[in-house]
Every structure is written in structure tokens, then in C-alpha cells.
Amino acid sequence: MNFPILSAIIFIPLIGALFILVTKEEQKAVVKNSKYVAIFSSLTNFFLSIFLWYSFDTSTSEFQFVEEKNWMEGFINFQLGIDGISILFILLTTFITPICIFSGINSIRFKLKEFLIAILVMETFMLGVFCSLDLVIFYLFFEGGLIPMFLIIGIWGGPKRVYSAFKFFLFTLLGSVLMLIAIISIYWITGTTDVIKLLDIRIPQEYQYLLWLAFFSSFAVKLPMWPFHTWLPDAHVEAPTAGSVILAAILLKMAGYGFMRFSLGLFPVASDYFTPLIFTLSIIAIIYTSLVALMQDDMKKLIAYSSVAHMGFVTIGIFSLTKQGLEGSIIQMMSHGLISAALFLCVGVVYDRLHSRMISSYGGLVNIMPKYAFVFMIFVLAALGLPGTSGFVGEFLILVGTFQINIFVAVLASLGVILAAAYMLWLYKRVIFGKMASSEIKEMADLNKTEIYIFASLVFLTLFFGIYPEPLFNTIDISVSNLIDNYQTDLNFYLVQTNN
Amino acid sequence: MQTIVYILPEIFLSLAIMFLLMLGVFIKKSFKLVYLLTILSLIFAIALVLNQPNEIVKVFNESYIIDRLSIFMKVLTLLFCFFVLLSSKDYIKNNNIDKIEYPIIILASTLGMILMISSYDLIIFYLGLELQSLGLYILASFKRDDERSTEAGLKYFVLSALASGLLLYGCSLIYGFTGSTNFEIISANLDEANTGAVFGIVFIIVGLAFKVSAVPFHMWTPDVYEGSPTSVTSFFALVPKIAAISVFIRFMYVPFVNVISQWQTIIIFLSIASMILGAVAAIGQSNIKRLMAYSSIGHMGYALAGLAPGTNAGIQSTIIYLTIYLVMNLGAFGCIFMMKRENIFYENINDLSGLSKNQPMLALSFLIILFSLAGIPPLAGFFAKFHVFMAVIEVKMYALAIIGLVTTVISAFYYLRIIKVIYFDKPKKPFEESYDWGLKISLILSSILILTYFIYPSILVDTISSILIY
Chain X
1466 MNFPILSAII FIPLIGALFI LVTKEEQKAV VKNSKYVAIF SSLTNFFLSI
1516 FLWYSFDTST SEFQFVEEKN WMEGFINFQL GIDGISILFI LLTTFITPIC
1566 IFSGINSIRF KLKEFLIAIL VMETFMLGVF CSLDLVIFYL FFEGGLIPMF
1616 LIIGIWGGPK RVYSAFKFFL FTLLGSVLML IAIISIYWIT GTTDVIKLLD
1666 IRIPQEYQYL LWLAFFSSFA VKLPMWPFHT WLPDAHVEAP TAGSVILAAI
1716 LLKMAGYGFM RFSLGLFPVA SDYFTPLIFT LSIIAIIYTS LVALMQDDMK
1766 KLIAYSSVAH MGFVTIGIFS LTKQGLEGSI IQMMSHGLIS AALFLCVGVV
1816 YDRLHSRMIS SYGGLVNIMP KYAFVFMIFV LAALGLPGTS GFVGEFLILV
1866 GTFQINIFVA VLASLGVILA AAYMLWLYKR VIFGKMASSE IKEMADLNKT
1916 EIYIFASLVF LTLFFGIYPE PLFNTIDISV SNLIDNYQTD LNFYLVQTNN
Chain H
178 MQTIVYILPE IFLSLAIMFL LMLGVFIKKS FKLVYLLTIL SLIFAIALVL
228 NQPNEIVKVF NESYIIDRLS IFMKVLTLLF CFFVLLSSKD YIKNNNIDKI
278 EYPIIILAST LGMILMISSY DLIIFYLGLE LQSLGLYILA SFKRDDERST
328 EAGLKYFVLS ALASGLLLYG CSLIYGFTGS TNFEIISANL DEANTGAVFG
378 IVFIIVGLAF KVSAVPFHMW TPDVYEGSPT SVTSFFALVP KIAAISVFIR
428 FMYVPFVNVI SQWQTIIIFL SIASMILGAV AAIGQSNIKR LMAYSSIGHM
478 GYALAGLAPG TNAGIQSTII YLTIYLVMNL GAFGCIFMMK RENIFYENIN
528 DLSGLSKNQP MLALSFLIIL FSLAGIPPLA GFFAKFHVFM AVIEVKMYAL
578 AIIGLVTTVI SAFYYLRIIK VIYFDKPKKP FEESYDWGLK ISLILSSILI
628 LTYFIYPSIL VDTISSILIY
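Chains X and H, in that order, give the protein sequences.
Start counting the first sequence at 1466; every next residue gets the next number (our numbering).
Start counting the second sequence at 178; every next residue gets the next number (our numbering).
Treat the hints as calculated values from the structure; they're not laboratory data.
All figures in this text were calculated on a predicted structure; none of them were measured in a lab.
There may be inaccurate statements among the hints.
Stated by the list, open to error - Sample of chain X residues lacking proximity to chain H, with all beta carbon distances greater than 10 Å (derived):
{"id": "1", "residue": "L1605"}
{"id": "2", "residue": "V1627"}
{"id": "3", "residue": "S1650"}
{"id": "4", "residue": "R1667"}
{"id": "5", "residue": "D1763"}
{"id": "6", "residue": "M1842"}
Unchecked claim - Facing chain H, a subset of chain X residues (Cβ under 7 Å, in silico):
{"id": "7", "residue": "V1487"}
{"id": "8", "residue": "E1538"}
{"id": "9", "residue": "E1608"}
{"id": "10", "residue": "G1609"}
{"id": "11", "residue": "G1619"}
{"id": "12", "residue": "L1638"}
{"id": "13", "residue": "L1639"}
{"id": "14", "residue": "I1646"}
{"id": "15", "residue": "W1653"}
{"id": "16", "residue": "I1654"}
{"id": "17", "residue": "L1956"}
{"id": "18", "residue": "L1960"}
{"id": "19", "residue": "V1961"}
Glycine is no exception: its CB is placed at the ideal position from the N, C-alpha and C atoms.
Isolated chain H, as found in the complex (with noise of 0.2 Å):
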């Protein structure tokens, strides 16, 4: 009985999800009522989350962990999935998928989001990672009369319960040679002569290098971000990342961590296939969602670049490197969502044409936003950055350093382009002036942490190195 203390957000989240189930049903017309209990019930659980003890504490059979880094990952989630929901309410309410399943299936995907964080043992892990890809799965296809949407859901659907089924297949692999699902037993018989568990290994990194969208397993991303309602492209871009870097970082430092030689190139390779995949793709796209997709390959490659060293200073930089893209992409979705005039909403770039004439404002942070996702500094970008090569370079991996920087300057000049089109063109017709004060703020939010983190970046990076503590 006194486990369940350490899984009270998981079960105050079931309820809540299971409540607002109810509430939506029986309640005629309740979408704002449940949309609203759900930001709130995101930040009640992030109360409950940071409540939870600070000290590693491992129940069920060892077989669910609350430690630092679970709990920063947690926070993490909840409260960029509160910023999505916060972010994309305009969104919703005019593209007709204003529904109460919405809201709901957010929270029930996070839930398995944060399961998979918390997850000790494979088939934990496994079961969180299936009921997020469910949730997921719907929520591309949610705005049903619409061609792009129903593509883009069986597209993510198909391909990713092949990728699922390869995860599950090398779970099975570890567990038939190493003889448990829990991760320290695997890792204590886990050695380089086991081969028939390091072909496990690679199953396992496959099915979650489709989850990050790493190339070459990148090949759904475009089309599901681009087809997606964009308030769905946004919780794609953002929430389930960290679950799935989160689950990376505890897969490669907890079962996997005496191979670290087998696993090592695989993680070099996805790393600079993406970087430069995500840097050459995206120049010739127009669509700003297709470009974004593009976009969040090539960060997932710097992240994972960060992985590549196998040192803690390495994991610490990749938590970084995800941290500040997920303010970065919340402002860069931010943009977009203001992209709309008289209820409809733009997606292609040179809809944003003269921008800095029309709304000089939105049109600064959208520069600040580009430029920090070109990693130019001061701003923010650049550090996430600086801190995967300063990982990278001390243990002299320099091919992948010069690899990572040479796309680091193809990129911007993607994002250039953007800058110029807002720039330096002619103005077009304006984009109205967003009344929606919750958009709002998470712009204006993302917008200053980006500009003002030069001024003591020792605050994330304290932060981070704490948790990485054992």
C-alpha cells in the first residue's frame, strides 16, 4: 500500500482521464468545461510530480523507477503538453475539431508518455509506449472529413506498428538471452559475446529511432506533420520527444550500458544521417509544417549526437539540447499558429511575406525564434549546441563535430529564407491580430527564455547536471 504513493500522478492522471470521460458524455456541448479541466488537471499533476520524493525509489518488482531524471522528464512533458493545449485552443476551435475526445486523448497519450519515463522493465515500458502511440495514432487523423488528416493517421498507424513490432521483437530477443525484462538484471547479463542479444539491442534502437524520427526511420514525419491538424503537429514536435529521448537515455546508461561498443556507432550513424538529412531536406519545402518536420529530424540528430559519447557530461548536454528546442519549437509553433486571416490559417511560407510591415512584434520574436533554431548566438540555440559538441569533442569525435557544424550552416540558411521572406519582401495582406491570450503568452514566454538565457545559462545547466546525480 505504500507504493502507490509514488505513482499518484499516474493514478490521479487515469482518474482524471476516466472523470472528464464521464463529464464529457454526459454533459451536452462541455468541450470548453473538459478542455479546461485538462490544462488543469496538467498542472495538478505537475504538483504531484515535483511532491514526489527526491531520492531513487524502485517499486513493483523493481520494476518502476522515481529518480531525478524521471522527474525532470515528467515535468518536462506535462508542461509542455499544458502549453501545447494552452497554445492551440484558437486552433481548435476554428478548424471544427473542438470535440471533447480532444483533450482527452492528450492527456491519456501523456499518460503513457510519462509511464514510459517512469518504465523499469520492458513490458512497463512497452505498455506506456502503446497507449501514447494509440492516443497518437487518433489524434493524426483527427480532423476526419479531411483528406491530409485520415492519410496521415493511417501513414503514422502502419508504419509505426511495424516499428512497434520491432521493438517488441528485440524485447523478446533481450529476454530470451539475457533471461528478464527488468533492465538492471539484463544489463548485469548483458556482454559483448552475446550476440544473440545485441541483435535485441538493434531492434530495440530501431523501434525507438522511429519514435524520435531519426533517419533513416524518419520517412512518416513529413507527411504526418504536414498532414496533422497543426495543433496536432505541434504536440507531435514537442511532447512525445522527451518521452522518447528520456527512454534513449535510460535504455543506453541502464541495460545497455556494458555494450556501450555495439551500440555506439548505430547512435553515430543515425546521428549524422539526420543532421544532414534534416539540413538538406528542408531547403526546398514550402510548407512551413513540412519544413518544421524537416527541422525537428535535424535537432533530433544534434540531440542524439550528444548521446553518442557515452559520458554523463554527454547526456546532460543532449537533456539540454532537448529542453531548449522544446522552447524553441513552442515559439516556432506559436508563429504559426497566428498565421490566420478571417478563420483560416496559412501554412505556406510565403503567406508570411512582409510580416515585419504588418506586425512588427510577432514578426521580432519569429526572427528571434529562426535564428536560435539556427543556433546563431546569443541566443539559446546556440547553446544547446555548444554544450552536445563541447561532449562531443572531449572524446575527440571530431568527424562527427565538423559533421554537426558543416549542417549547422546549410540549416540556417533554411531558416534564413524564412527570415528574408518576413523581412525582405513585399508586404502581402496582413495576418489578423490574435486575441487569444493564452497563445500569447507561451510566444511571449518562449520568446524571452531564448533571448535572455545568454544572461546565465549556469540556471538550465545546474539544473540538469543535479538530477544526473546518483
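Next up, chain X with everything else stripped away, as it sits in the complex (with noise of 0.2 Å):
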């Protein structure tokens, strides 16, 4: 097949974009115009994914659909492929960019064409990031969704979002300048950056520790983990709901995939080394954020602390190094991916509401309110891990995975279970069950059909990966095995050579 469809799914976004920014008419047609523009091009990206996974090779480890053009000449090729992880990203991706859309379209009410213009260039960076198979590529594309993301902050963002907006951009931007130097570092040691040459080239011992922590700097602030997190909170506070979504669903699985493509691929006997470090930092995450988000006020807040505690079990997952524990980290991450999104959404809904995002200004929602009751209790359990739902699958396979390598491990991080299940329920039991805080609750309507569409969507998703997780598990399976293997190999050649 010779047509160019992992181009063609990067770039439709960002001309979906060019479009709705020449476009000139009166302000009404505009917004209207702008509107489908981008509806028609997210929908047209999610489906053309799915074509991309229906065609899609699970019976090999190789990197599929590879395109390469000349770039940098002598330098750098523009490189890209998908392999059975990547393409999981892709439709989380296009799968979350259209419920957005449809979000922004029914809350933003300023900025509407900007908005939209914001969001399909942030979804072609992330997608660039999932499908780039060279690290110049790879770099320019994780770095360059600060902008829009900077962007959709500091305008649409709450009262603080300034100062979220300058934090986000400049703790992200000063990880990835490291990255940037172990970038050009390994071009100048190995001669190029094209990752699946890479694959097969073993970089000398000597340097890989340092580089592993360039690597790590960046994804470890992107990610993030504790002690690197405080970002987190302030941007998914202030960041308007569609924000919070691509924030909490796409960007902090960029450092995960990540993680697991260079971090294990490219450095296996730092990624050793360091793997105590790794759970150390993880299990202070899971643990210590878990006991933030209790005591929170603030339902953003919350949900943005739980998501630094479930990146937690992500990394533990990844650098076990067992197949079940891969295989449940990227689970854990889809199935975050979903929820979280849900979630924000779910506080997005009272928010457009009240304009409140006090736990303490809600209470007895139930009464007035009982789809979205419902709803946002099916993402509550999902959250908290119930089986039944993706949450679980998720983090019970990361545990298994990580008993077998570290019993101490996996007995703190599954305290985090129970924790998960303390400040969600709790978070649940204040805002729907209980009193009415104000007499302004009476007057909030239930959802409207447009929410009603896209929770049933991630209800479905949510609950479809929950009981036959299959299909992830049929995609991602050789990809993993081979990532294993591969780590295996090199780092008992690693051992030899130390040994000699």
C-alpha cells in the first residue's frame, strides 16, 4: 500500500486548522464554519485510525506502514511507522480530540474559531509524537505542543491560568532541553537518530546512564512523577475542560510511550540501574498524591492528584519488565486515558453550570441531576479500579507483573488501590449524595444531548475494555514480547562484556 497514511492522519488535523484560520466571512458563518471544519476533520482522523487498525499487522514486531522522505539532508530523514503500542496512542488520540471538540463547542463561549484552531494543531503534535520513528521528529513534535497547549490555558483557562500557563510551559520546556542535548549527544556516538537503526545499534555502557537521565528528566516532568508533578495540579486546574482532557488523556502518555520506546529500548542497562529509583519515585507518587487528593477542596484538584498516583503504577508497570506488567501499564494507560478524561468532563458539566469548582458548593446532586449521577458514578468506580471496567484490568496486571520482581513493590502500590477507593467515593458521596449546599443547585438542568453522546461513547469504551480487553491485548502482544526480548538480550550482552 503505497499511500501515505500515517502523513495523511498526522497532517488532516493541521489543514482542518489552515482551513477554519483563512476562512473570512461574517462572524457567525464563521464560528458555524469553523465548527464543522473541525468536527468533519477530527471524525475523518478518527476513522481513517481505525482503518489504520484494522489493517493493521498484529503478527509482527516490525514497524508497519514506515514512510521516509528526505528531510535534513545527510542528517535527519523524516521517518515514520507504528508498531502494535503506537497504535493504540493513535486511536486514543484521535479517539479524544473530537470529544474535545464537541465539548468546546457546547461550553467555550469566546474564541470559538481560535479554540478550534488550537486544538487540531495539538492533536497533529501528538500524533506526531505516537508515529515519529526518528528522534529529531519525535523531539520536535513532543516540544511543540507547548505552544497551542500554552495557549489554550492562558486564554480559555480559570482566574490563575497566567501563572498555570507560564509553570506548565517552562517546567516542560526546561525537562526537554536536556532531551535535546542526549538527542545530539547519540547522533554524534552513533552517527543517526533514526530509532530503528538505533534498535539494533548498542550504545556504549559508559554513556548510556547519563543519557537515560536526559531522557528521564523530560518524560519524568511530562509524565509526571513525584517530585516533578507540581505542574500538574495548577495546569488541570485552570485549564478550560477540553484542556484538562487533552492535558490528563494524550500529553502525560506521550512520556509513558516515552518511557517505554527509548527509555527500555534505546538504554537497557541504565533502565537497570535505575529501576529502583523508578519505584522509589512511583511508590512515593502513588502513596503520597493518593493522601493529597483526600484532603482537596477542589474537584479538579483531585482528579489531578489520582492522575500523578495512577502514572505511578504506569511507570512501576513499565519497569518491571515483565509482560504482564507492559501490557498493564499500557492498558492502565488507555483506560486512564478514558477515565480521566471522563472525569474532567464529568466536572466540566456541573462547572458550565454553577462556575464552581468547590466540592463543598455541591451536594445532593442525585436528586436533580440522576443521568449525570450515573454517570459520573460509573466513572468513579472505573477510577477506583472495580472490575468490570478498564480501570481494573489495568492495574491488577501491573501488580502481578511487578510481585514477581519486587513482592515490597507491589504491596505499597496496591495500597494505592485502597486509597483510590477512599478519596473517590468520598469525592462522590459530597457532591451527589447528602445536602444541597445552595438553593442555585435546584436551577441546574440535567445533561444536555450533546453530553449525553459523548459520555455514552466513553461509558461504552470504558466498560466494552473492562469485561473483553481482547482486542488491546491481540494488538499490543508480539510488540511486547519483542520489547522484552530485545531488553533481555542486550542486557545479558551488556553483562558479558562487563564480565570480560
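Since each chain sits alone in its own frame, please combine them into the complex, following the hints.
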């Protein structure tokens, strides 16, 4: 097949954005047109990616749909390609983006046209991250995403939006510039930044530790790991609903993906050496941020902290380097993408009506908004990992995987499951049950049609993958086994080298 | 007689200057005509330069060189001089500096720069330098009735004269210890043991560092940038930098090539100091011209970082950096020229607030330019830095690379602050829509170039690597 389907998926949103940018008519017509263009291009992209999944060959661990173009001649080629791991992230991105667009159309009250442009440009950058097979191209997309996200937080955000936007931008930038140095160093050590070639080249052991740390600095900020997580609660709280959804559902996953593809794939010795560090930070993240989440008054902040805890599970799973652990991490990232998106949308629903994110301003919503109460319940239960929801599958597998490696870590991590149940259920109790905090609550309307469609799709997927996660496993299985095999052979190679 | 062919552009420019001067004196109110003819003669000069032979020629006792590097740099100089004149016409008219001398002095100064770029001998180099400096002194104080402009001109004159003095002293030391003013003979006679000549090198580098405004010889920059009329500031920020960097390259790689260990440390120091000061000092500025001054100091730090490794890739990265810097600054000053309301030009950053609401397209192009200046991918500014750090890391200067990238993050803060004012703050009174097509063209051109550079970066990289092949 010669059709460059990956380039198409990456650049369709960008073309949509350009189209919106150049439309010039009356104000009303422009807004209407840009709505249609945005919805059309993001849905086209979604169906295209479904088609991609359909034609994806799950029986090989090779990169597929590889495209290569001359770009910076003699240095770097523009190279794209996907394997079983990246395709799931692409699907998640193309699924979440239309949801953000619908939610934005539903709740953004000014500069809608610019908002849609920002979201579409953002989609291009996110898809680029998951498709690129060259470190420089990866960096380009990874960093480029800062621009639209900065604007989304800064323009459409809450009262402290300027502070949050700056913190988000500068934190992430500082983390990533070290990765840029590492990427350039890799070029001079190995002579290429082509990921396919690099996976076969063994980078000399003495370089690996520093390079790993440089990549770690970038991913740890983005993921975020404790103690680099402080930008996340601010950014989440101040961002508009659609912005929070993109942040939680996709942006954080870039780092998990980066750990899997680059840290494990390129620096096996260093990954092995630093595993205790990752385990320690992740355990602290899980327990500490869960406790912090318990004490939050702000709903969005609570969910933001719970994201940090969930991402702690993901890193433990990745660095357990067992098949269950790694597959669990991927499933956990997918399900967290759906669930956190849904939870932020749930907060968005009540925020649009009452303009308060404080838990104390709500109460007794079950009486007036029964549909909302039902939807919220499903996602709260999914977030705490109730069997039957996708949240359970991921966490369970991660714990199984970790148990084989380190019982102590597994036991401490399971504490996080209990704490998650505590803060999520308590949140639900305070918002949905009990007395109404004010009379204004009585006038709140239940979910409207757009919201019902959005939530219905999310509920369906959360339950579907909770009950029947087979399609996901089927896709990632061979790629994950291959990743682990390569890792082990590389590690043995280096061990033999050191012993001689 | 045959050698004259090789300096046709220079001869043409000198004749054009003299002719325009006569024209301006004899025809009353001829500013528009002179301005137009200046622009046309710049275009014609570009054509003459491009028409020069594609080989290395040294004429007049090997004191003047025409090679691909000099041709490229001359084209850049003339081209950006053209764009500066094109974009600042509206400003010049509104500020009563539309005197016939203005374009003529710019042309004379440009001629000086072109002589500098091609010089292959200390004396020719110094003559060119003085010609361009004299023009710049007058330009800085061109708004005679304005105190700040006069101050800027005086300050620049005093400090620059001092720097020229140091430079000349360095030249005389070099001549004394090597016995020649010709670059190649100097190169052959210079070695590490020649302490006197090493002193000469230090003085010459100080003089050049003053011209590119590298720290610690940057003191004049913020005041001169702020005090001069904006049209002159934009000229200062763009055109003289090309000649200065080009001379820097020529000096380091022809006469001083054998004593690299002597000047490398100096360059590294200049570069690190400029990057840090450029990033830190700009944070507190509220005047956008002053901010651009510090920003240009920082950018020159990155450009010098490319020279530090002493490799071919390093020079290449410096030229790439310079080219992209010029395009970005052209755009940035284009945006500053747009800050006009009722025939008054505003310079405060806070005046920009709410620009995104009033003039969305202008705000968007300012956004692109600012993110590019901050070096965020996928805009052109990122690639400029990328090439420099490629060259720096190749020779394992990790400290320089890390300091450079950390200062990128710091400097991102103040570019973000402007974006914050444009996009996040409440709208104020809108600026007037500009109808000056010259300004519009240069602004649109630079934003589009910055935005689309990532599609195929090879175009610039290949061009520049081809000019360095000897």
C-alpha cells in the first residue's frame, strides 16, 4: 500500500486548522463553518485511524506503514512508522480529540474559532509524537505541543491561568532541553537518530547512564512523577475542560510512551540500573499524592492528583519489565485516558452550570441530575479500579507483574488502590449525595444531548474494555514480547561484556 | 583594468551614493525619489553581486577577496538593508526624519559593510569598518530634536571610537609582530610563541565583540536601541551584525587559524556571558526596543557559540543562525512598526495588550515570531539553535551546550510575557490598521518563512554548506 496513511493522519487536523484560519465571512458564519470543519476533520481522522487499526498486522513486531522522506539531507530523515504499542495511542488521540471539540463547542463562549484551531494543531503534534521514528522528529512534535497547550490554558483558562500556563510551559521546556542534548549526543555517538537503526545499535555502556537521565528529566516532568508533578495540579485546575481532558488523556501518555520506546529500547543497562529509583519515586507518588488527593477541596485538583497516582502505577508496570507489567501499563494508560477524560468532563458539566469547582458548593445532585449521577458513578468506580471496568484490568496486571519482581513494591502499590477507593468514593458522596449546598443547585439542568452522546461513548468503551480487553492485548502482544526479548538479550550482552 | 570587474558592485554603490546626494541637493523635496532610487540601487547591487564569478578571486595585491562566503554575506547585507528600508517608510514619514540624507547614509554605511566582508587585508578591513561606523553614528542621532536620540548617537560614537581605537591598536600589534597586513601572510607568520601578536588578537576580538554587541562589550546596545528612531534600531539590529559576524568568521579562519587555542577560550567566554546576560537582563524590561536589544545580545551569544568549536560545521551553524536571526528580527521589528495609533508610535510592551482581539492576524504573526525567537520547535528559531548545538556537542563542549539550552528556557520567559500581554490580557484601544504594503510584505514574508521552514530545512543548510567549500 503506497498511500501515506500516517502522514495523512498527522496532517489532516493541520489542514483543517489552516482552513479554519483562512475562512473570512461574517462572524456567525465563520463560527459555524469552523465548527463543521473541526468536527469533520477530527472525525475523518478517527475513522482513518480505525481503518489503520483494521489493516494493521498483529502477527509481527516490525514497524509498519513506514514512510521515509529526505528532510535534512545527510543528517535526518523524516521517518514515520507504528508498531503494536503506538497504534493504541494513536487511536486514543483520535478518539479523544473529537470529544474535546464537542465539549469545547458546548462550553467555550468566546474565541471559539481560535480554540478549534488550537485543538486541531495540538492533535497534529500529539499524533506526530506517537508516529515518529526519528528522535529529532519526535522531539519536534513533543515540544511543539507546548505552543497550543500554552495558549489553551492561558486564553480560555480560569482566574490563575497566566501563572499556570507559564509554569506548565517553563517546567516542561526545562525538562526537554536536556533531552535535546541527549538526542544530539546520540547522533554523534552512533551516527544516526533513526529509531529503527538505533534499536539494533548498542550504545556504549558508559554513555547510557547520563543519556538515560537526560531522557528521564523530560519524561518525568511530562508524566509527571513525584517530585516534578507540581505543574500538573495548577495546569489542570486552570485549563478549560477540553484542555484538561487533552492534558490528562494524551499529553501525560507521551511520557509513558517515551519511557517504553526510548528509555527501555535504547538504554537497557541504564534502565536496569535506575529501576530502584523509578520504583521509589513511583511508590512515593502513589501513596503521597493519594493522601494529598484525599484532602482537596477542589474537584479538578483531586482528579489531577489522582492522575499522578495512576501514572505511578504505569511507571512501576513499565520498569517491572515483565510481560504482564508492561501490558498492564499500556492498558492502564488507555483506560486512564478514557476515565480521566470522562472525570474532567463530569467536572466540566457542573462547572458550566454553577461556575464552581469546589466540592463544598455541591451536594445532593442525585435528586436533580439523576443521569449525571449515574454517569459520574461509573467513572468513579472505574477510577478506583472496580472489576468490570477497564481500570481494573490495567491495575491488576501491573500488580501481578510487579509481584514477580519485587513483592515489597507490589504491596505498597496496592495501598494506592485502597486510597483511590477512599478519595474517589468520598468525592462522590460529597458531590452527589447529602444536602444541597445552596438553592442555586436546584436550577441546574441535567445532561443535554451533546453531553449524553459524549458520555455514552466513553461509558461504552470503559465497560467494553473492562469486560473484553482482548482486542487491546491482541494488538500489543507481539510488540511487547519483542520489546522484552530485545531488552533481555541486550542486557545479557552488556553483562557478558562487563564480566570479560 | 580587468580586476575592476570584480568590484563592480562596490563601484556602483559609490556612484549611486554620489549621484543621489547631488540629486537630493539640486531637486527640492526629493525624499520620495531618493528613497525609491536607494531601494532600486540596492536591488541592482544584489544583481551585480550575484553576477560575480563563482570562484575565489583575490584582487589588488591580494587585499580584497571575492569568494562564495563573501558573496553570500553581501547578498544578505543588501537584502536585509532593502527590507529594512521597505518596512520602515511609514515610520520615517511620521517621525519627521524623512530627510534625503537618511537613505544615502544607510547606503554609505552598507557600502562600508560590503568592503568589510570582502576585505583580505587589515587596512581595507579598517577602512570599511570606519565607513560603516561613521554612517551609524549619524543614523543613531538622526532625530536631532529628540534628547534620547542625540544621547544614543553620542554614546555610540564615544564607545565605538574607543573600540575602534583598540581594534586599530590590535592591528598595529599584529603588523608589528608578523610583518604584514595581508591575512594570508599573517596566518603564515603567526604561532603560539608569538606573544605580542596574541595580544593583538585579543584587541581585535574586543573590537569585533563590540560591533556584534557581545557581553562584556554590550553596554551601548540597550541605550542606543532604545534612543534611536525605531527605523534606525531595526537597521542596527539586522544589517551591521551580518558584516561583523562575517568578519569574525574571516578573522578566525584565515589569519588566526593557527592559534585557535588562544582565541577559543575568549569566544566561549563571550558566548556564555552574552547568552546569560541576554536572558536575564531582558526579564525586567518594559520597553520593547530595549527588550529587543537584550534579546539580540543573547542571540549573538548563540551565534558566537557556533564559532567556538573551530570546525567547518561550526561556521556553518553560525551562518545558519545568523540568517534565521535576521528573518526573525525583521518580523519582530515589522510588528513593532505596526504599533501605531493616530500617527504616534508606541514602544511599551503593555500597549500591545489585547492585540489578539483587535488585530488577530498581526497577533498571530507576532506569536509565531516570538515563539521562534524563543526557539520552540517546529519554528525556524529552533533549527537555528539545533545546528549550533549540533556543532558544539560534536566537539564535546557539553558545558557550553547545557548553559546555552538553560538560558533558552530563561529567555523563553520574557518572550512568553509578550505573548501573555498580546493574548491573555484585556484589550486596550486598538492600533490602526497599516496600509503600508512594504511593511506588510516584509512581515508576512518573515512569518511565513519562519512557519514553513520545518517542511524542508535542507534548502538553507545545503546552500550554506556549499558556500564553505573551498
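So, going through the hints one by one against the coordinates:
Non-interface status of X/L1605 relative to chain H is broken: a Cβ of that chain comes within 10 Å, the nearest being about 4 Å off. Consistency note on X/V1627: stated as away from chain H, yet its beta-carbon is not over 10 Å from all of that chain's, at 6 Å minimum. Distance to chain H contradicts X/S1650 as a non-interface residue, since its nearest Cβ pair spans about 6 Å, not more than 10 Å. In this structure X/R1667 is separated from chain H by more than 10 Å, as the shortest Cβ-Cβ distance comes to about 21 Å.
Taking the minimum C-beta to C-beta distance to chain H, about 22 Å, the non-interface status of X/D1763 holds against the 10 Å cut. Residue-level check passed: X/M1842 sits 37 Å from the nearest beta carbon of chain H, beyond 10 Å. Evaluation of the X/V1487 hint against chain H yields a violated restraint, the C-beta minimum of about 10 Å exceeding 7 Å. For X/E1538, the interface hint holds, the least distance from its beta-carbon to any beta-carbon of chain H being 5 Å, beneath 7 Å.
Contact between X/E1608 and chain H, as hinted, is supported at the beta carbon level, the nearest pair being about 5 Å apart and thus within 7 Å. This hint holds: X/G1609 has a C-beta 5 Å from the nearest C-beta of chain H, less than the 7 Å allowed. Because the closest C-beta pair between X/G1619 and chain H is about 5 Å apart, less than 7 Å, the hint holds. The interface hint given for X/L1638 holds, since its Cβ lies 5 Å from the closest Cβ of chain H, which is under the 7 Å cut-off.
The interface hint given for X/L1639 holds, since its Cβ lies 5 Å from the closest Cβ of chain H, which is under the 7 Å cut-off. A cut of 7 Å between beta carbons decides the hint on X/I1646: the least distance to chain H is about 5 Å, and the hint holds. At its closest, the beta carbon of X/W1653 sits 5 Å from a beta carbon of chain H; the interface hint therefore holds under the 7 Å criterion. This hint is violated: X/I1654 has a C-beta 10 Å from the nearest C-beta of chain H, more than the 7 Å allowed.
With 7 Å as the threshold, the beta carbon of X/L1956 stays out of range of chain H, its nearest partner Cβ sitting at about 27 Å, so the hint is violated. With its C-beta approaching chain H no nearer than about 28 Å, X/L1960 sits outside the 7 Å limit, and its interface hint is violated. A cut of 7 Å between beta carbons decides the hint on X/V1961: the least distance to chain H is about 29 Å, and the hint is violated.
Figure legend: structure checked against the earlier numbered hints; hints not met, in rising order: 1, 2, 3, 7, 16, 17, 18 and 19.
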